[in-house]
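There are 2 protein chains.
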Amino acid sequence: MTAIDCSNRAETRATLVFGGSRDADVRFVLGLGNLENLALLVRRGRIDVLAADMEVERIRRAVGGRITVWTLSSFRRAGDRGLWPAFARFVKGFGLREVLVGDRFPLGFAQALRSRGVKVSISGASVFPERRRKDREQLRAISQMQSVAVRAMRAAAAIIGESRVGQRNRLYWRGRTLGSEELRAEIERVVFTQCAVAEGTIVSCGVASADPHEPGVGPLFAGQPIVVDIFPRSRASGYWGDLTRTMVKGRMNGKLRAMFSAVRRARAEAFRRMRHGVRIRSVYRAAARALEAAGFATRMGPRAEGFIHNLGHGVGLEIHEPPVLGDVPGCLREGDVVTVEPGLYYRNVGGVRIEDVVVVTRDGCRLLSRCPLFGEIP
Amino acid sequence: MTAIDCSNRAETRATLVFGGSRDADVRFVLGLGNLENLALLVRRGRIDVLAADMEVERIRRAVGGRITVWTLSSFRRAGDRGLWPAFARFVKGFGLREVLVGDRFPLGFAQALRSRGVKVSISGASVFPERRRKDREQLRAISQMQSVAVRAMRAAAAIIGESRVGQRNRLYWRGRTLGSEELRAEIERVVFTQCAVAEGTIVSCGVASADPHEPGVGPLFAGQPIVVDIFPRSRASGYWGDLTRTMVKGRMNGKLRAMFSAVRRARAEAFRRMRHGVRIRSVYRAAARALEAAGFATRMGPRAEGFIHNLGHGVGLEIHEPPVLGDVPGCLREGDVVTVEPGLYYRNVGGVRIEDVVVVTRDGCRLLSRCPLFGEIP
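Top to bottom, those sequences are chains D and V. Position one of the first sequence corresponds to residue 1 (my numbering), numbered consecutively onward. Position one of the second sequence corresponds to residue 1 (my numbering), numbered consecutively onward.
These aren't lab readings, by the way, just hints derived from the structure by calculation. Please note that a few of the clues may not be correct.
What the hints assert, rightly or not - If you want the footprint, here are the derived chain V segments under chain D, 3+ residues with CB under 8 Å:
id	region
1	30-40
2	105-111
Stated by the list, open to error - Per the computed footprint, the stretches of chain V lying under chain D, defined by three or more beta-carbons under 8 Å from a beta-carbon of chain D, are:
id	region
3	46-55
4	290-303
None of the values given here were measured: they were computed from a predicted structure. Think of the CB as a built atom: it goes at the ideal place given N, C-alpha and C, for glycine as much as any other residue.
Whenever a hint applies, use it, and build me the whole structure from the sequences.
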């Protein structure tokens, strides 16, 4: 998974990454947890890593011989203020005239380099474009997380199915009110038992679900949309899954049913078009058109309504990574792993979102896991 | 917890933060999860936030009237490449001549501001110095996590106590080999049931524990150090705890016993000195001296041995935050919440580390939770 193709990198400059295990580029190269404050210098066929002395042995054990690991203390000087002087000396020591960095590279590190005569350029491309195309092992890691999400989603649907409708349409389960908090706890418990972590799981009901990222609070009600969005991350590999279903206990009303049906149609339109080489914008627009054709207009702004987010996003070592599936330039490519998540949001109804993860292939796209759409739950 | 004192901020410039819920400064101000790509502009008595349109309502509901939330779409122009032009327009719109940022501020954002004539200066101080001094509510949040860690540590000690010693000193529990992985899973399960998340929990045994951040793998053995380092984060508040104990099933050998005793003495020396106004360097050096006086010298470099890390670090919305307790300038202050974690690491023995979290007071320091030292476990 960390096989990096460095063959097209020039020798007079290098790509520079700063970060820790939480940063996808570092995780991609080293695959280790519990790391902070590392520099990776990537040139043709060679990677040099600068790390705190006490981390050096652990990193050396984990990586192959192609990666050289250096100790921070050997670049420190008395009187240094903060980390940046030592990190800048490390880079400068390779005699490079220029380093390419991502646009979120730390300003302090950039200034320390520039003051030592090293040019710092933001690379228009991603630092590791290799991360976008997922190989077999990465597909397996993401599929595993997607299966974990499916398992948790099935558990959520089963609980809504087992619940009974009480006073003022509230749901009750095992003798108690069923709230967003309880359902979220059950979902995250299932994810936890599958060696993954889910946090921020969305279980939002009724008009609250008109905010796509509202986590949800309080009782769940029959006849109203319950948006369940589960995004587990593997504790071992760091890869993510992402899955959303919209469930209704009992029957949907007319508006909700029309929204649900429009979102399904948008999803089908997207799936039908997605394949290697297709323009991303055309996929996004096909989904948006399907929603508009069903009478669901979008209005942006502070109280945005309609199809108010992108059609999807890349998934990998970050929950949101390139490519964005929006009204943007660029094409889908074989090996892209992206969510497809059309949704509709109206203040007086709530939200309907259906989200899956697919891998783009030569001639189409393939779901990484299958999950029922649920919809109405008796 | 988000009461920010802006009274000493000048009006011709502002402090600028970019980030999401994972970033402590953003979490400190907004307290919300599931957020990405926000700008916070902080001036005297006023905070302005720029967020994606679909997040604006949720943020407005969560924050008081003193914070104004702006929609990203109103700053976007056709032809923008990436996020930075819109974010820079937002800042520029306030007529500021200069913004102060942290040293990890994204280079791309800084360049977009500079190209529009806004000076970007790295503030020597932390962006929110208010984060360092913990108030009662923050102390409660961290203490809660520390208590969760204690509960999990007690569970770990109980398992080691229940385990029996088998062939070649291996530990067996409930009829199976007890490995790092099993003990870690039990620890993290306990943390999970307490509404918190622990990841990267260290359970390293024998010579492997000579690497302070080695997570540990494979069977646990009697007579060897088992370093258990648990750092739970609250799912609700985002605050961290951090606790380490070193346990030995059965008896310690002479060297190990001497290391354990030296680390305890270093801990006591640190506790005895810590109070408001004391020089951090003097606390660090007192602990280091206690270890050296017991015959445990430190050597840095790639195969570092001895007391090879700092004495501690601040804990709050980040697991590692200011102040560092090292050989550094500066003084401890009332309200500092820091780990105290002397440790010794030798390649042929392994590691001994004892770590607690304390709050610094006017005239001393106070443990946020009490946990037995364990040591030898029969």
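_Stated coverage of the region 290-303 of chain V by chain D [criterion: 3+ residues, CB within 8 Å]_ = Our answer is that it holds, as 4 residues pass the Cβ test (under 8 Å) against chain D, meeting three.
*Under a C-beta cut-off of less than 8 Å, do 3 or more residues of the region 30-40 of chain V approach chain D closely enough to confirm the stated coverage?*
Coverage by chain D holds here, the residue count being 4 at a Cβ distance below 8 Å.
_Closer than 8 Å Cβ to Cβ for three or more residues is the test here. Does the region 46-55 of chain V pass it with chain D?_
holds (count 3)
_Cut-off 8 Å, C-beta pairs, minimum 3 residues; does the coverage of the region 105-111 of chain V by chain D stand?_
Per the Cβ count (7), the hint holds.
Of the numbered hints listed earlier, not one is contradicted by the structure.
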